[in-house]
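Visitor: Sequences listed follow chains R and G, in order.
So this note's numbering is basically just the index in the first sequence, starting at one, shifted up by 542.
So this note's numbering is basically just the index in the second sequence, starting at one, shifted up by 1.
Source of the hints: derived by calculation from the structure; they are not laboratory data.
Each hint can be trusted.
With a Cα cut of at most 25 Å, we get these calculated DSS-like pairs of lysine-lysine: (1) K873(R) with K141(G); (2) K684(R) with K793(R); (3) K793(R) with K153(G); (4) K841(R) with K573(R); (5) K141(G) with K875(R); (6) K592(R) with K79(G); (7) K79(G) with K875(R); (8) K862(R) with K141(G); (9) K796(R) with K141(G); (10) K79(G) with K873(R); (11) K141(G) with K793(R); (12) K153(G) with K796(R).
As a plain string of letters, each chain reads:
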Amino acid sequence: MRKLIILSAALAVVLGGITACGPREQGKSGKPRFAFVTNMPASFWVIAKKGVEKAGNDFGVETSYHMPTGNAAGQKSVLENLLARGVDGIAVSVSDPANQTDILDKIAKKTILVTVDADAPDSERLVYIGVDNYTAGRQCGKLVREALPGGGKVMIFVGSVDQDNGRRRRQGVIDELVGRDSDPSRFDPIDKGVTGNGYEILGTLTDQGDPARAKANAEDTLSRHPDIGCMVGLFAYNPPAIMEALSQANKLNKVKIVAFDEDNDTLQGIIDGTVSGTIVQNPYEYGYKSIEVLVALNKEDTSLIPENKFIDIPARTIVKENVVAFWDDLKIKTGETEAGE
Amino acid sequence: MKKIYGILGVFTVVFILTAIMSPSFLTPYNMERLILRTSLFGIISIGVAFVIITSGIDLSIGSIICLIGCGLPWLLVKMTVPLPLAILIVVTLSLLIGLVHGVLITKLKLQPFVVTLCGLLMYRGITRGFTGDQTQGFGKFFSELRWIGVGKVAVPGVPIDTFGIPVPFFLLLMVAILASIFLNRTIYGRYLLALGCNEQAARYSGINTDRMIILAYIICAAMAGLGGVLFILDGNSAQPVVLGNFYELYAIAAAVLGGCSLRGGQGTIIGVVIGTALMQVLRNMITLVDWIPTHIEYAVIGAVILAGVVADEVVKRISASRRAAASRL
Numbered sequence: 543m544r545k546l547i548i549l550s551a552a553l554a555v556v557l558g559g560i561t562a563c564g565p566r567e568q569g570k571s572g573k574p575r576f577a578f579v580t581n582m583p584a585s586f587w588v589i590a591k592k593g594v595e596k597a598g599n600d601f602g603v604e605t606s607y608h609m610p611t612g613n614a615a616g617q618k619s620v621l622e623n624l625l626a627r628g629v630d631g632i633a634v635s636v637s638d639p640a641n642q643t644d645i646l647d648k649i650a651k652k653t654i655l656v657t658v659d660a661d662a663p664d665s666e667r668l669v670y671i672g673v674d675n676y677t678a679g680r681q682c683g684k685l686v687r688e689a690l691p692g693g694g695k696v697m698i699f700v701g702s703v704d705q706d707n708g709r710r711r712r713q714g715v716i717d718e719l720v721g722r723d724s725d726p727s728r729f730d731p732i733d734k735g736v737t738g739n740g741y742e743i744l745g746t747l748t749d750q751g752d753p754a755r756a757k758a759n760a761e762d763t764l765s766r767h768p769d770i771g772c773m774v775g776l777f778a779y780n781p782p783a784i785m786e787a788l789s790q791a792n793k794l795n796k797v798k799i800v801a802f803d804e805d806n807d808t809l810q811g812i813i814d815g816t817v818s819g820t821i822v823q824n825p826y827e828y829g830y831k832s833i834e835v836l837v838a839l840n841k842e843d844t845s846l847i848p849e850n851k852f853i854d855i856p857a858r859t860i861v862k863e864n865v866v867a868f869w870d871d872l873k874i875k876t877g878e879t880e881a882g883e
Numbered sequence: 002m003k004k005i006y007g008i009l010g011v012f013t014v015v016f017i018l019t020a021i022m023s024p025s026f027l028t029p030y031n032m033e034r035l036i037l038r039t040s041l042f043g044i045i046s047i048g049v050a051f052v053i054i055t056s057g058i059d060l061s062i063g064s065i066i067c068l069i070g071c072g073l074p075w076l077l078v079k080m081t082v083p084l085p086l087a088i089l090i091v092v093t094l095s096l097l098i099g100l101v102h103g104v105l106i107t108k109l110k111l112q113p114f115v116v117t118l119c120g121l122l123m124y125r126g127i128t129r130g131f132t133g134d135q136t137q138g139f140g141k142f143f144s145e146l147r148w149i150g151v152g153k154v155a156v157p158g159v160p161i162d163t164f165g166i167p168v169p170f171f172l173l174l175m176v177a178i179l180a181s182i183f184l185n186r187t188i189y190g191r192y193l194l195a196l197g198c199n200e201q202a203a204r205y206s207g208i209n210t211d212r213m214i215i216l217a218y219i220i221c222a223a224m225a226g227l228g229g230v231l232f233i234l235d236g237n238s239a240q241p242v243v244l245g246n247f248y249e250l251y252a253i254a255a256a257v258l259g260g261c262s263l264r265g266g267q268g269t270i271i272g273v274v275i276g277t278a279l280m281q282v283l284r285n286m287i288t289l290v291d292w293i294p295t296h297i298e299y300a301v302i303g304a305v306i307l308a309g310v311v312a313d314e315v316v317k318r319i320s321a322s323r324r325a326a327a328s329r330l
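With the sequences and hints as input, model every part of the structure.
Guide: Spelled out as structure tokens, the structure:
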């Protein structure tokens with residue numbers, strides 16, 4: 543019992559010490575400090591990091607950058623650590639919007655909170671910076687229409703439809719293809735085909751983030767539907783996995799590929815003509831804009847926040863005509879080639 | 002042969018059922034893809050079978066696949082290391098990992114679960130570190146090397162575009178034959194099985210059990226490394242954070258399906274290969290058969306593994322009681 547009391551006392555002292563340090567502790571240099579938290583590790587986020595760092599330099603603030611693993615739980619502990627350590631503002635791509643509102647509201651009480659890339663609309667975040675994935679999905683659907691003007695069979699490949707981005711992108715593609723009105727809340731069951739406008743969307747195959755599985759899904763589709771017209775890959779690794787499956791089946795150029803995100807293989811595929819086009823977000827701008835907004839909010843300047851609390855960083859359509867310019871710019875931003883080269 | 006009746010039966014049933022339910026299943030292309038996937042997963046499953054036979058476990062397989070699978074293109078493309086050197090590095094690294102696991106488990110008496118669990122965490126972490134979490138791949142280069150992963154060998158009379166035997170299948174064949182000979186026809190294989198049944202008894206009868214256990218972990222890590230190379234040669238693109246995730250569990254499941262007992266001392270290589278093939282046919286079936294919803298995939302796989310293990314146990318008991326009855330006569 544005595545040990546227990548001593549232990550609790552020690553714990554209380556430690557905890558007290560932590561809270562005493564308090565939030566909003568300034569960086570070592572006395573500069574404000576802002577954190578950028580992703581929803582998972584991915585190449586995509588490495589580009590955002592460059593934007594975060596650039597903005598940190600431009601605005602003379604300290605930035606830190608966190609790529610938690612382990613979904614919502616992993617993200618929660620990173621956010622809690624940041625709170626414990628004290629920061630002036632956090633930009634976060636929310637893993638699980640439906641269930642993380644609590645922790646987000648807690649953070650919003652203690653520091654400035656904005657969401658980026660994946661929103662949590664019910665939380666008390668001040669603004670959402672990102673793309674509307676449903677609109678981006680519809681852009682992707684337009685690419686499918688251009689690739690397959692006469693209609694045909696289409697299969698969608700995505701890591702998961704539990705995540706908001708995967709779900710909305712996929713619905714955008716389907717709604718655009720069969721010519722429905724915009725309704726981001728619609729959800730077609732993944733196994734059920736949807737037909738309309740001459741297009742038959744056979745279904746959606748998920749791979750839970752395993753690229754080998756993604757490739758197997760593409761192969762199984764070729765087995766099951768030899769007359770497939772177009773394969774749509776919605777997560778960054780999906781289009782390269784589709785390309786690999788088609789190339790091994792000698793069906794590159796026979797089956798159209800429409801992509802999402804800017805994997806190097808995807809961009810090379812567009813140059814080679816094996817990929818019809820891709821929809822890219824602007825992760826660099828996500829990083830840069832987040833810090834810019836946090837800096838402004840920290841100075842109590844709300845001029846950057848629009849009425850609807852949504853700063854749109856629109857997705858772009860990359861096809862053969864603009865792929866080289868896009869890729870060159872991307873290489874400069876990611877530091878693969880030095881600026882001015 | 003008796004040992005594999007159970008699994009062979011389940012495999013045959015699933016195979017025939019799938020063929021009936023889906024007209025696409027028996028197409029040459031689909032068979033070719035299944036052979037390829039079985040080859041890749043079969044190699045890592047044979048590796049883990051050796052460890053399971055010693056009543057150990059290796060949880061680090063997926064992370065070794067990640068380390069080697071991302072490391073090879075990283076060395077070749079990013080670091081522009083010459084090919085022979087890069088291969089030397091990945092081979093040495095795989096063997097070294099197995100050696101370290103084995104030494105920690107035998108000499109320091111750490112539990113295999115703990116050692117390889119730490120490996121699971123470390124190797125992926127290291128890979129994510131040196132690659133900077135960037136996707137790795139060969140792009141359009143190294144097509145000669147990639148032949149090992151994507152190449153096909155023509156069957157006489159069949160056009161290669163219709164069907165060819167994937168090159169990794171020959172690797173699986175080689176690994177399986179060597180492993181079978183080692184396990185069943187050499188004294189060392191007998192040592193492994195013996196120490197898996199009862200390590201103490203094996204040690205007292207003069208077997209250098211430590212050396213055999215270390216060897217098992219080296220074989221396992223080497224096969225995981227080879228698997229890593231083949232997965233990247235086949236897929237060409239790998240994200241350090243996901244490549245090989247949970248593959249150790251597929252490998253362990255295949256080995257258990259194939260008759261390896263987690264208590265050690267039992268296992269056949271052919272059983273492991275059939276177990277692997279069964280897992281791949283199941284996943285294939287779920288995609289090909291329209292009325293099976295794809296999101297219940299894991300439920301189906303889990304149920305069939307359980308059925309396989311139960312069938313295996315029942316067959317074993319029946320044959321054991323027959324033997325007992327026969328000996329009473």
